[in-house]
Amino acid sequence: MKYLLEIWRQKNRDTAGSYRTYMYETDSASVTVAAALSELNEKNELTDTDGNITERIAWECSCLQKKCGACAMLIDGRPCLACDTRLSESKKGRLRIEPLRKFPIIADLMVDRQIIFDDLMKMQLWAESDIFADDRNNSVMYEASRCLQCGCCLEVCPNFAAGGGFYGMSAMVPASRLIAAMKGRSANDLKKRYGRAVTDGCGKSLACRNICPAGIDIEGLMARSNAAVLWRLFSGLRDKNQ
Amino acid sequence: MKKRNGSGCGFEIDLSGKTAVNIVGAGLAGLSAALTLGRAGVRCRLISPMPSERAQSVMAEGGINASLDTMGENDSPVQHFEDTMRGGVYLADPNSVWNLCSKAPETVNMLFSLGAALRTENGRPVLRNFGGQKKKRTAYAKSSTGKILMTALTDAVRRYEAEGLVKRYPHHRLASLEINDGECTGLKVIDLHKRTVISLSGSVILASGGMNSLFPGMTTGSALNTGDAAALAFVSGVEIANPEFIQYHPTTFPITGKRCLVSEAARGEGGRLFILRNGKPWYFMEEKYPELGNLMPRDVVSREIEIVKNDKNCGGKVFLDMTGLDRSVWENKLSDLRDECIGYLGTDPAEKPVEVSPGIHYYMGGINVDEHHRTNISRLYAAGECACQYHGANRLGGNSMLGAVFGGQVAAGTAASEIIADNTGEEESEPDEKIAIMQPVGIPERAARIMRDSLGIFRDGERLYGAVKEMQSLIDSENDTLQRNRMILGKAVLLGALNRKESRGAHTRTDYPERDDENFRKTTVAVFDGKEIKVGLRDIPEKRGE
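Chains as they are written, first to last, in the numbering used here: chain A, 105 to 346; chain B, 123 to 668.
Treat the hints as calculated values from the structure; they're not laboratory data.
Ideal placement from N, C-alpha and C gives every residue a C-beta, glycine not left out.
Keep in mind that the hints are not guaranteed to be accurate.
[What the hints assert, rightly or not] Which residues of chain B face chain A? A partial, calculated answer using Cβ under 10 Å:
id	residue
1	PRO171
2	THR242
3	HIS315
4	GLY379
Construct the entire structure; sequences and hints are all you get.
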């Protein structure tokens, strides 16, 4: 089977980009976009369908089995992991492959996702003292530990803009691990920050619902963490009234 | 001046807050080192080509060993020590292994206290069976233990990032090590986003993982773990130890461009290996090894798989049968493993046996370090998979994450205690468009073929000798420095295997099928003098009294 891969090529942030088409041939129905990109880059000369010799395609990959989130990109307009998308899923053997658009481009399919980590820092996602998983909170903490920080959910989110006050689900998920375990004043402080950075900004569009490549139960985690935040507010009001 | 306790590594020092340690690698070993330094108030830089979320450590599945004895089996550090030494066929430094095993409960409890979502019962971590160990000793989180530990450590380190004690360089590749007169004074890194070169002074801890670039397509690990840092260290005069010991994990399956792991946890929870013999399933491990059966150490299982696959009376394909596992095991302990088999193999392991074969999973050898994780170069340290420590001739499942976390702590403690001056110097070049972002994932195909053909589960001297000669000719004609360095490291692996004329652990020589303690219960040490590689054998330290 022959596939035509229309790949966004852009040398750096300061130059204009364009699509270049590359031919990729395989007999296997299970070849992923990541495997195809790897193979194209292994060629001595990478030639597009117009006969131009081009540089290696810049993209990020690490695990190649949807455990690390490195290879998040837009494939036919949908944010997903290249290692989790088979060429055979394409219509008529043609795929359009672009970088995530909400993050500054570095080159080709490679973007700078530092804002995700900056937001986690701004939200002060850490515990000041020991925290423990126990039989009660274990499943929530496990689920909330699984975020790849790939950025797919942010790409589709109508409320997230890099540098804005809403940090998106990539902050909600790891925050939920800490909210499930932290106690006392530091937990209340975290819930306040969570309220500002997550609850207040989420428009509940649910655009992210089926996007997470790790299949994290985003709605379940958010419902639980939001409830914990609301309970804090409620208890605060109750204490005030007493 | 702050005085803090370097929790977990037993040191206490005064620090000015200006000193710096450079950690190359942000996986378990690197994060553990950074956390240890952060807690001690020592400034460090955490350098990695991608953020921690992309490190190979997130792929680690089965679990982490510690004799926590939460299952009421009277387990103890002594038994963990004995299993680790026996599993490594007595090639590991017994003092280091004792440190590892005796501190393992403390290490895992430290991770647990960070909120690592290990599976619990009555508030304490549950332990599962793992290969080469009779007692339940492996704490776990389904088959995503590495990811769960990485999340807990990443959050914990973030606190010290905020304090300014840990500075991340999260899109930076190691370019060179500054080594003069046997001392490491810093390193250069490439900023892959800005295409600049940054010179950083200070001591260096390498925590850069295994050497997957030598075996393209054959490994279960990450494409990021090329082994380039180890190769760079090697050509800069850093010793490599026991490089011939490469772990083939018995249960993997191929996907395009790599191999996928079926965690040992599958067998720990009751999975059974079989091959069709005369048309009927033969559970060869259970028949040959009645005591541990499918949970023999990985070197033994992989060797047996190779043997039965080549048995003329057998069907050639080995299967892992997990169809007898309880529904609760699938739901609570292995749901992610099941999803992976369905997703990448198209087979539901709860319904149908999965075809498996051995694949390269771990490098027991690597940068030669002492008990304190020092290399032969002053102020250069190594920890985690890039280092040769703890695992001898064969690593037990569950000991890699333990070795990485504990090794990171020890390396950080040693580095902190050996800081001699303010090392905050930092200089950045102008951007240079010629700096390449992308690099080849593996060595060139001809070199890869040499490695593949001569460093399988069974090896022989004649083939290895030819491989060494052929590799040298490829090195001589290679102009690319990166590939040349990798191939020089590859040649050291071949020479280690050629030089070890015995069979032990993951190194099986068909021409020397017996273990030879008298001549070879020693550490292979390889060093490159700029022109040639010298390989010798060094005595293993005697175990001290406890």
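Verification of the hints:
no., hint, in the structure
1, PRO171, "9 Å, holds"
2, THR242, "5 Å, holds"
3, HIS315, "5 Å, holds"
4, GLY379, "5 Å, holds"
Comparing the model with each earlier hint shows no violations; every hint is respected.
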